[in-house]
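We have chain A already, so just place chains B and C on it with the hints.
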Amino acid sequence: MSQADTPVIELKNVHKRFEQRPDLAQRILALTGRPIDRRTVYAVNGVDLSIKRGEVVGLVGESGCGKSTLGRVVAGLHRQTEGELLYQGQDAVRLRGAEKLAYTLGVQMIFQDPQASLNPRQRLRQILGESLKVHKLAPPAEIPARIDQALKEVGLDAEYRDRFPHQISGGQRQRIGIARALMVAPKFLVCDEPVAALDVSIQAQVINLFMDLREQHGFTYLFISHDLGVVKHISDRVAIMYLGKIVEISTSAEIFARANHPYTQALMAEVPDVARRGRKFTPIKGEIPSPLNPPPGCTFNPRCPHAMPRCREQAPVLKEISAGHWSACHLNEASA
Amino acid sequence: MSDILLDVRGLRTAFHTEAGAWLAVDGVDLTVRRGEIVGLVGESGSGKSVTGFSLLGLIDPPGEVVDGEVKFKGTDLRKLTEEQMRQLRGNRIAMIFQDPLMTLNPVLRIGEQMMEAILTHENVTRAEAEERCREALAMVGIPSPEKRLKSYPHEFSGGMRQRVAIAIAMLNKPDLIICDEPTTALDVTIQGQILYRMQEICREHNTALIWITHDLGVVAELADRVAVMYAGRIVESGPVEQVLASPRHPYTKGLLDSMPGATQPGARLHQINGMAPSLAGRPSGCAFRPRCTRVIPRCTEQAPSVTTEGPRSYRCYVPIAREAQQA
Amino acid sequence: MANSPNPGRTRTVQPLAETPQRASILKKLRARPTVRGSAIALAILVVLVVFAPFFAPQNPYDLANLSLMDGRLAPRQALMDGSIAWLGTDDQGRDMLSAILYGLRISLMVGLSAVVLATAIGGAVGLIAAYVGGLVDTVLMRIVDFILGFPTILVALVLLVVLGRGVDKVILALVLVQWGHYARIMRSRALQERRKEYVEAAANLGFPAWRIMAFHLLPNCLGPVMVFATIQIATAIALEATLSFLGVGVPITEPSLGLLISNGFQYLLSGDYWISLFPGIALLLLILSINIVGDRLRESLDPRRA
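Residue numbers (this note's numbering), protein chains in the order written: chain A, 1 to 336; chain B, 337 to 663; chain C, 664 to 969.
Just chain A, same shape as in the assembly (with noise of 0.2 Å):
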């Protein structure tokens, strides 16, 4: 494979627990005999995916299906507890030296909370500056332009330098985020829904500044989202996920089109749409299970409407069902 075709990121049977130790009283318990209670959070249980230079891949679930931490993993802020995270075609986890620091600064995150994202006691001028001074990334006489450049290929006015995040608001506070992971020239963004506290009129245009970015810097997008009208507008592939796991995947048009597994096919029902007027709401029925209990087999088999006896027992392996589009549903057997 030649060095454009290398996917920039990929996943190999990725899996992420959060496992709370035990402390010193209970490990004390647990040399009388009594169990110790282990309580492992299953964020993302064995994910695969390969994105390749210059795409944008959606990755679209609700609370607790692990998309955050997926996105973590991929930026390197949580390292995976088994499986491979392959950057640039090497394992990052075995990366050292100059190159881990352009695998850390390659995978820029960028954050939901505009508020918690930004250090409230720094000036705009000293957030988005202090990586240049750090990693000498310009002599310090240029900096001063170098963030009057970054603050206006945001679309910020240059005397916002000496503002603190609280003086301005969430949607600026959201554009001095992606100026800050402008700054050290990433490869890669996570986005983890970016726009989701935005207000709609503001969202455009942070999205607006998404799509000018990629085609200005040629960026690759992992843009996570829990709103299916954002994704099918911005990504070239969308990645379902469901308890830590990718139900199905496939191109943008094609999944919206044709939505093959159950809760996909349910989560595109719910969203509310401006174009369906007075609709009798059918919703699925039951609570997103907890990851710290996932359900045995299919994970989704407890709400899905067409649930088999298999699903209880046997989780289901995402297969290619059409060209490029894949699903993890027994159904797609059941009919051979």
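One thing to keep in mind: the hints can contain errors.
What the simulated footprint calls covered on chain A by chain C, stretch by stretch (three residues with Cβ under 8 Å from a Cβ of chain C suffice, anywhere in the stretch; the number is not a length) [said to hold, decoys possible]:
{"id": "1", "region": "112-119"}
{"id": "2", "region": "131-142"}
Derived, one-sided and incomplete: chain B residues facing chain C with beta-carbon distance under 10 Å [said to hold, decoys possible]:
{"id": "3", "residue": "H352"}
{"id": "4", "residue": "T353"}
{"id": "5", "residue": "E354"}
{"id": "6", "residue": "A357"}
{"id": "7", "residue": "D403"}
{"id": "8", "residue": "T520"}
{"id": "9", "residue": "L615"}
{"id": "10", "residue": "G617"}
{"id": "11", "residue": "R618"}
{"id": "12", "residue": "G621"}
{"id": "13", "residue": "A623"}
{"id": "14", "residue": "A657"}
Calculated directly from the structure, the hints in this document are not laboratory data. Beta carbons: idealized from backbone N, C-alpha and C, even for Gly.
Chains B and C only, in chain A's frame:
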């Protein structure tokens, strides 16, 4: 016109600072009929939540309701004493908040809180009250209601808590429920369930709803009428199908156009430039004019008054006319 | 009112000047303690501390000045050398006013030094424990638990008996018994802040751990620590007063307020109230003004409220 439940005229609510009192709600007129679902739509800073709170007299200092009439079944709520208002709240008019932990007391069991809501307003036995609570929980779809009455709020998930909040709101069969973004923090599939329940319950008991939200999609599917708020004023209102299909006000149109579904995937979204004004920075005249593509000199001079067009109304000197609508 | 419409230049709506309840609401808004009170308190403190020698009629530490004949004079009586002791004299013949002024200096210095040092040490420990986590956290916090498990005065007493008397040794003892509290407070706040996304962002930008702790976590965790520190200045001063009272604190020749109170204690019942009372009032006023200043300082450090 005896089926008009709530008639609000000229509501103005201000927040006090040393510099003066800034109007968060600047002359809102709103009518709600029995059993009607009205969507109050706006973004942050539009004053929609403050409007909801003002109706129930829940504005605390430094806020103050400075003007207007809030007629509920003919009585002006603003003229009532606090004691009289308390008899209405939770009884004839209920409220559901965005954060169900605001409605629910974290240190009391659900059953106790619900019974308190009944026993405060009615003279029934505890056993009767408990039975009604159990029914209410079942009505909102909570499994094993008898057991759940003994649970604490933190033992429920977000969606369940919100359903409990709805159950509490419905306990005394109110005439009107004001819902302040109750599903914004919930997942899409859970939101679907809640909306379904609410719709069912309201149709069955002929309860009117004021549904405050920023989500036009929810309003489209749930509401009969919609009112769009910007910078403290209602800039457009009318039957949902008409307003959403052919909006008159440029802001409403801008909102609809900026939704991802309105543009081809991959193309640049239509955006409304600029930002909503802060409380202290509202432009004179029409507050939307710095962001409006249709602005004329008159917009700066004076804020537009309400133009009525049958069941619809809007505040604009250059409304988007029927002929201009594309299919 | 002709004007050119220029959407770029917006005239804004003016606020209402009058509403039915504006007066009463404003009254409630203004009821907070003002900047003025704290500025006055601070000014007094500074003046007293810096200029004590100028205000004091005599230098109470210069034994040559003192005469036992001047001992236990009631307020407003004259000393041997003709000067008037406005607040009386103690049993050594020291002019109470001078002794109090110099004593304020010592009390304040002891209190501030102890707190600053304890904050530095305890804060660092707490911050590292919170950021690094795991075994380091466990070990550090168990050490803190261990130290805080002992009664404060007991530990201080033992330390001072071993170390001897002296202002610096008192400060050391105070720091050793107190730093654990700061560690806990800093750690608990840092644990909350550490989860916030700006800390993740800093890690994502490849910043080294020390930088994240010092420039990102620390400034945002100072709030509760500072509140605590302000209260602790008063506690430290009171603790020093207690230790001096018990005889292991500052030397007799350089009395702090606590020692003065202690000295005068034995004379209370015989009616020479001024030897204990006036230092006691001075101590009270000192603590009060420190708290007011500390409160204002904490608020002014928060960029959101400045």
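We went through each hint and held it up to the structure:
{"no.": "1", "hint": "112-119", "result": "holds (count 6)"}
{"no.": "2", "hint": "131-142", "result": "holds (count 3)"}
{"no.": "3", "hint": "H352", "result": "holds (5 Å)"}
{"no.": "4", "hint": "T353", "result": "holds (8 Å)"}
{"no.": "5", "hint": "E354", "result": "holds (7 Å)"}
{"no.": "6", "hint": "A357", "result": "holds (4 Å)"}
{"no.": "7", "hint": "D403", "result": "holds (8 Å)"}
{"no.": "8", "hint": "T520", "result": "violated (20 Å)"}
{"no.": "9", "hint": "L615", "result": "holds (9 Å)"}
{"no.": "10", "hint": "G617", "result": "holds (5 Å)"}
{"no.": "11", "hint": "R618", "result": "holds (4 Å)"}
{"no.": "12", "hint": "G621", "result": "holds (8 Å)"}
{"no.": "13", "hint": "A623", "result": "holds (8 Å)"}
{"no.": "14", "hint": "A657", "result": "violated (21 Å)"}
When held up to the earlier numbered hints, the structure conflicts with 8, 14 and fits the remainder.
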